[in-house]
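Line by line, the protein sequences give chains V and D. Just so you know, the first sequence maps onto residues 34 to 420 in this note's numbering. Just so you know, the second sequence maps onto residues 430 to 591 in this note's numbering.
Think of the hints as simulated: they come from the structure by calculation, not from any bench. Just to be clear, a hint being listed does not mean it is correct.
When the alpha-carbon atoms are kept at most 25 Å apart in a straight line, the in silico DMTMM-like pairs for lysine to aspartate or glutamate are as follows [unchecked claim]: (1) Lys-264/V <-> Asp-505/D; (2) Lys-539/D <-> Glu-347/V; (3) Lys-539/D <-> Glu-419/V; (4) Lys-434/D <-> Glu-381/V; (5) Lys-539/D <-> Asp-267/V; (6) Lys-357/V <-> Glu-459/D; (7) Lys-434/D <-> Glu-313/V; (8) Lys-539/D <-> Glu-313/V; (9) Lys-434/D <-> Asp-266/V; (10) Lys-434/D <-> Asp-267/V.
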Amino acid sequence: MEINPATLPRYAIVYHPFVIRRLYIHNFRCLENFELPILGQASVLLIGKNGAGKTTVLLALEILQRIARGTNRVGDLVKPKDLTRGRTDVPMRFEIEVLFGDNIYGYAIAFEFPKGFKELRVLEEKLTFNGAPVYSREVAQVHLARTGRENEANFFIDWHLVGLPIIQQQSTNDPLSIFKQWLANSLIFRPMPSLICGESEQETLQPNLPVTNFGAWFAGLLAYAPSAYTKIDDYLKQVMPDFKDIKNPVVGANSRRLVVQFSNEQGSMSVPFEDLSDGEKCFMICALVLAANDAYGPLLCFWDEPDNYLALSEVGHFVMALRKAFQHGGQFIATSQNGEAIRRFSEENTLVLHRNNHLEPTIVRPLTELQVRGNLVDALIRGDVEP
Amino acid sequence: MSVNKYRPHVLVLPEDDANRQLATGFSLHEAVATRTIQVLPEAGGWTQVLEDFFSDHATAMDQYPHRLMVLLIDCDGDDNRLQRARSRVPHHLVGRVFILGTLSEPEALKADLGTYETIGKGMATDCREGTNHIWGHPLLSHNGAELERLRPQILPILFQLP
């Protein structure tokens, strides 16, 4: 059958609900006037040489995440040493635009370091909903816009405190609440498996950067959505065919400890979570990411080098499982130096970060804009992929 | 514990980066069972695909009878290249080796159909649903007979049919 190509559907950028549309960072470490050309894609890979700034993008997002999770003291978020080359005459700025369905949320915060100060203070802060301000702020003065039946208001807050965690949300449906919850629930990871022991004393839906609170996240996820266990179980049985189950028994007055059981025709054995291999712990994290995106997503997941600790034969499947899970909701961002991981992305969703030297800022280009001849991974090995 | 070698699975050996991205798009289709398909590193040219197949994979296919292989090569305008390549597959492996490719180069498909991943996903949809939206494109339609041979084999392996 011959068909007319003109009648075929053409590719268009599809904006998935709850995705970052724009991320702008200025005067933060190696990122100067830096805009991540992410354009609402469901999954994106950041590649580049060591020191190019991939992890700094993650750290910038983590600052925004920590604000949403309640850290409001500026000195706990950024330090003077985070200013690019110690430059104090220019504000440090973070701006994020997120598409939630048909709505666009924007949050921007700028910090400055005036002479005589010991820590940075807030210079500007603004949350917008479809372009209209929810609140805006200059130094200590906050202007709360009129919403619904609430009148507009002006008040002062300490200029060493960020406003987002402090300003009272009116309901769980107001833009402030929706944006803050999405950002707080985002999964921003640099897992350190050797430090993940599986113990917990509480429950959470918000794993930390090294995922050392894995046990609390497991408990929180299953308390929030018990059906999430099915997803966890499905994934782990694919990856480890002898996986039987995970138990989280009480081991003290207020604590629990994860135990993983394996079984096959030869018998069964229980393994304390802390005794799993680093790679197996990453499988566990991946299982929870997939289940969490279903249970309380769509989420943002930024995973710094998800291929770390994995066998070569596993890397591709691991990355593809994450990409597939986020393609119909949420957003998956990864960094990688691993050829197998890099091959699981394509030119339209791969961004190349580059720095000429330590005195110059990071630049970023979509791979589509670079002339890479032949095999991408070979070109990366040769060091030929530079903007 | 990657692709289970002892269960039916598919290895895809792409000629180049463009074909590799097509295969990635295919694997991203929501109905494709992730761990039943493995896209191998690009061989670097159609002759290299065949060399790699004979040097590395033919023997392994004897060892793993549940393995199917799909070789992706470009015809570069040579209508007979696919047929010549197929004729070199050992007779006892013909039922498990499939050779597909674009008539020119996949780059030409992008202008009509979008990104490689989008095209790859469309190819998977066609395979699953028996449609011809992507495979019917003038640069791909010559694969029809090979697809007819391939489809019944990979459907039960790759797709989680409802």
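Hint consistency between Lys-264/V and Asp-505/D [alpha-carbon to alpha-carbon, up to 25 Å]: It is violated: about 45 Å lies between the C-alpha atoms, which goes past 25 Å.
Given hint Asp-267/V paired with Lys-434/D - CA-CA distance at most 25 Å: 20 Å, holds
Satisfaction of hint between Glu-419/V and Lys-539/D, Cα-Cα up to 25 Å: 24 Å, holds
Holds or violated: Lys-434/D to Glu-313/V, with C-alpha atoms at most 25 Å apart: Holds - the C-alpha atoms of Glu-313/V and Lys-434/D are around 20 Å apart, at most 25 Å.
25 Å limit on alpha-carbon distance, applied to hinted pair Lys-357/V and Glu-459/D: Holds. Lys-357/V to Glu-459/D sits at ~7 Å (cutoff 25 Å).
Restraint check for Lys-434/D with Glu-381/V, where alpha carbons must lie at most 25 Å apart: 32 Å, violated
Hinted pair Lys-539/D and Glu-313/V, Cα distance within 25 Å: Given pair Lys-539/D, Glu-313/V is violated - Cα atoms ~39 Å apart, limit 25 Å.
Given pair status - Asp-267/V, Lys-539/D, alpha carbons within 25 Å: Violated. Lys-539/D to Asp-267/V sits at ~36 Å, over the 25 Å cutoff.
Holds or violated: Lys-539/D to Glu-347/V, with C-alpha atoms at most 25 Å apart: 30 Å, violated
25 Å Cα cutoff - pair Lys-434/D, Asp-266/V: Judged against 25 Å, a Cα distance of about 22 Å means the pair holds.
The structure shown violates the earlier hints numbered 1, 2, 4, 5, 8.
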